[in-house]
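On the provided structure of chain A, position chain B as indicated by the hints.
The primary structure of each chain is shown beneath.
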Amino acid sequence: MSTSRPLVPGFLNKLDDYLLKNKPLVWSARTHLVVYYGILFIAALTLLCYLVPDDPRNRSESFIWIMFISVISIIGLVVWLIYLLRFNVFKRFGRVGGLDTLTTFILYLVATGVIAFFPYVQPYVESFRANKAYGDSEIVNDINAINTKICELEYDSLRHNWRVDTVVVSSTQQPYRQSSEADPLMSEDVIMDTAIAIRRRRHEIIHVDELSEKLLSSDSSSKISDTLYVFYVAPEYTFLNVYRADRYTKETVFSNADIYRKTIRNFQQPDRAETKKQLTALIRKYSEGVDHSHYYGGTSGGRRNFEDVIITRYEITTVSTSMHNITDRKYALWKDGLPFLTRIFLYTTLYLTLLIFLFRHSTSRTFFLSMLVAFILTIFSSIFIAFSGEGELTSLTSYFFYLILFLVIASTVWASKKRNIVTGIGINLFVFLMPVFPLSLLFYFDYLFLRPQRYPSTYVAIDQVSILQYAFIAEITGALLLLVLIGTYIHMLFRRWYALPEE
Amino acid sequence: MQNPLPEIQSFIDHHDYSLAVRRMLDTALDSGNASILKQAIVWSKSYHKSRRAGSEAALPESFHSEASALLSRLGKESHTHTYTQHTLVNADNISKTYSRGNFSLKPISLKINTGDILGIVGQNGNGKTTLLRCLAGQLSLDGGQLQFDHLTIADHYSIKQQVAFIPQRIPKWYGLLKDNLHFSASVTGVTDRENDSMVDFMLERLDLSDYADLTWNQISSGYRTRFELARVLLQKPRLLILDEPLANLDISAQQTILTDLRYIAKLAHNPMGVILSSQQLHEVENIADTVLFIKEGTCLFRTGDEAAIPASQVIELETPAGREAIINAIGEQEISLQFNGGFYTITSSSLTAQEIINRLISRNITVSYFRDITHSTKRFF
Chain A
-15 MSTSRPLVPG FLNKLDDYLL KNKPLVWSAR THLVVYYGIL FIAALTLLCY LVPDDPRNRS
45 ESFIWIMFIS VISIIGLVVW LIYLLRFNVF KRFGRVGGLD TLTTFILYLV ATGVIAFFPY
105 VQPYVESFRA NKAYGDSEIV NDINAINTKI CELEYDSLRH NWRVDTVVVS STQQPYRQSS
165 EADPLMSEDV IMDTAIAIRR RRHEIIHVDE LSEKLLSSDS SSKISDTLYV FYVAPEYTFL
225 NVYRADRYTK ETVFSNADIY RKTIRNFQQP DRAETKKQLT ALIRKYSEGV DHSHYYGGTS
285 GGRRNFEDVI ITRYEITTVS TSMHNITDRK YALWKDGLPF LTRIFLYTTL YLTLLIFLFR
345 HSTSRTFFLS MLVAFILTIF SSIFIAFSGE GELTSLTSYF FYLILFLVIA STVWASKKRN
405 IVTGIGINLF VFLMPVFPLS LLFYFDYLFL RPQRYPSTYV AIDQVSILQY AFIAEITGAL
465 LLLVLIGTYI HMLFRRWYAL PEE
Chain B
34 MQNPLPEIQS FIDHHDYSLA VRRMLDTALD SGNASILKQA IVWSKSYHKS RRAGSEAALP
94 ESFHSEASAL LSRLGKESHT HTYTQHTLVN ADNISKTYSR GNFSLKPISL KINTGDILGI
154 VGQNGNGKTT LLRCLAGQLS LDGGQLQFDH LTIADHYSIK QQVAFIPQRI PKWYGLLKDN
214 LHFSASVTGV TDRENDSMVD FMLERLDLSD YADLTWNQIS SGYRTRFELA RVLLQKPRLL
274 ILDEPLANLD ISAQQTILTD LRYIAKLAHN PMGVILSSQQ LHEVENIADT VLFIKEGTCL
334 FRTGDEAAIP ASQVIELETP AGREAIINAI GEQEISLQFN GGFYTITSSS LTAQEIINRL
394 ISRNITVSYF RDITHSTKRF F
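Residue numbers (our numbering), protein chains in the order written: chain A, -15 to 487; chain B, 34 to 414.
Here chain A stands alone, though its shape is the one from the complex:
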């Protein structure tokens, strides 16, 4: 075989030649070339992203990169399709069994996956660079050090009064409310062991189920009787707060109560010059040379309180923004957003693959008419759902209705003696709807049977065990079911339909 493909090594040419003469299904999918060129491109892109000057303290530019690389992905997909559509074993009536059809689908899935992965490279490199530049504990320790040192330096100016909340625990089902009645323990300010607490003039009524959570989250508490509790809230000592900074670390960001216990309770005057020097160094670490276009946190504006003065004095807004940017890069996509990102990647890949698979097993006319029918049905169904008032139930019911309808239409192929375009559309849309069948079934079951137990008309604590855990299993089941059907029934449907004589 003579080829002039650029950057293709000898072994790949040999592999290509071998596949052409021995595995035409694999060869015609061109997955080996897509994977090779895809790896080359990903490597080059990784290098480029790594070499581009980038300060993790600045706001992430991933969005621009993702948009740009997505365009390249689309171009890559089109180029692959041009080569893919040249040869088709199925339409040449070659030897294609159910397993071959399944193999073909998986090859398309791999090739599409490689191309769809391109936009994820830059965010990954960006995250890698941020993780390399700033350790997980480093951010937490710096936040704690900054907050502690500010408290040490500003001890005399800080308000150290605790807040006291009186809470009445009720076993009757009623929503949280604040009583308009006077606090049953209303008296003068409470003198605690080491601090003064200011009592509020109203008390709260909570349900008994909420008590344990409130006890866990409170800074301090005391039980007066079985139905009467007092909760203490520490004063504000944390001027620097960074979202999810300690989500993936052993160390935790100090709370107000932590700082109180570690620094304030047994306060000793620090060496102010040394402490200020250390604090300045920490602040400079996150503020020097940065140019933020968007800030996280800041002063309240208008009439400035003492916290605002401290925030301004110690450049907390700039430091906070830098730290937010760093933690965003470190965690936002690759830890917090991983399930979401993975789903976007997998569903994009799956549905692009399904479109390609359908096009390869259908006539052009039938394929595009299928897309048109899907588009029109989506519009009509959306209007119907909008007017039904029961959006979720109507959506799920519509889904099952269409799935069964298209399955019935597709199955008429066994009785047909002509290649009917309606049957072809039925097969295409049945295959397209198939992957989310278990997921839809789960949501339908959840809507009808489980949700009323979790969300009764009267208040109970919400069960935190989410249906999403089952959704993951349903998604895997959907994928497996699709693969099994592609290797069996869907293969037979296409084989029968495509070979039928035309009108």
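Heads up, some of the hints might be wrong.
[Unchecked claim] Derived DSSO-like pairs: lysine-lysine, alpha-carbon spacing no greater than 27 Å straight-line:
{"id": "1", "chain 1": "A", "residue 1": "Lys(-2)", "chain 2": "B", "residue 2": "Lys78"}
{"id": "2", "chain 1": "A", "residue 1": "Lys75", "chain 2": "B", "residue 2": "Lys205"}
{"id": "3", "chain 1": "B", "residue 1": "Lys144", "chain 2": "B", "residue 2": "Lys328"}
[Said to hold, decoys possible] Calculated Cβ distances over 10 Å to all of chain A for the following chain B residues:
{"id": "4", "residue": "Gln118"}
{"id": "5", "residue": "Asp293"}
{"id": "6", "residue": "Tyr402"}
Derived from the structure by calculation, the hints contain no laboratory data. Glycine included, each C-beta is placed from N, C-alpha and C at the ideal position.
Using the frame of chain A, we list chain B on its own:
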């Protein structure tokens, strides 16, 4: 089939090298010996190389010695060059009416056996392509039955795996022509070295080796037809259906293709039935076992159906002589004469073709073209 080796030797002796090479390749393939086939391909390549160099008249001695060696090896093979003839397709009163338009193909019955060639002739728009597409399983039937007797599981996919259809307008190929050929062979299970051998064989057999590394846009329409034929043959069909395959070919290529079809259909390696439609009546009649004449969707005549032939003799004649001279030479009472601007058509119920031409020659009438079309479908045009 008779032993082809004496025939090949005769072709070589009489300098019909092209035919000798093609028949040698066929015989080598039928031998089932990969080594002989490879040797034959090399020998064919050397011949084509010499021909391209313009030295066909004086081929190198090695060509003849190689030929002798090949013939000797083939002679030692114990194969019989035969195949079992059986019915491939049995069409019983098949008919087709398009839902749009007013054309309909009236009930037609026919049968094709392994090794048979069936020609279908008729004017444009009379149903030849419709009949071929029905036989290929591409169009649904409105009546009658189509049976593929050789298929144990006759689902439509299996039928289309074994019935190859070459349309008049061949869809474009993409990529290198040779890649397409390798691909076609491998989709039907011809893999690895056999794939290489078969592609090389087909390229040499149809004299396409020089064009194998080109693309579709780089070859003429005649070569496109030949490449399509090569591609289809590599898929080893049991029934080959060609719609107007001669339309894009020059006269020499037409004859070559028809001769090739004649031989290839009867190859023991993959014997098959061939159905082709064409306007080239004489050429098709020369190689076809049966010819169907179709007019307005109806089969008016098929060769061998003597009952359908009128008793009169029909002659096609081209001469510079005028109508009066011809009538005077033959006799006005014994013939009817028609002139279509190019040829005279002479119909006689009392004279034979031999007697007609004798009378013309005896009167010194110059005859530039003479053909007895009494048994030809041409008489129906």
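At 10 Å, judged by beta carbons, does aspartate 293(B) keep clear of chain A as stated?
holds (23 Å)
Given pair status - lysine 205(B), lysine 75(A), alpha carbons within 27 Å:
holds (15 Å)
Run the distance test for lysine -2(A) versus lysine 78(B): straight-line Cα separation, threshold 27 Å.
holds (25 Å)
Non-interface label on tyrosine 402(B), tested against every C-beta of chain A at 10 Å
holds (43 Å)
Against chain A, does glutamine 118(B) keep a CB gap of more than 10 Å to every residue?
holds (25 Å)
Does the structure keep lysine 144(B) and lysine 328(B) at a Cα separation of 27 Å or less?
holds (19 Å)
The structure meets every hint from the earlier list without exception.
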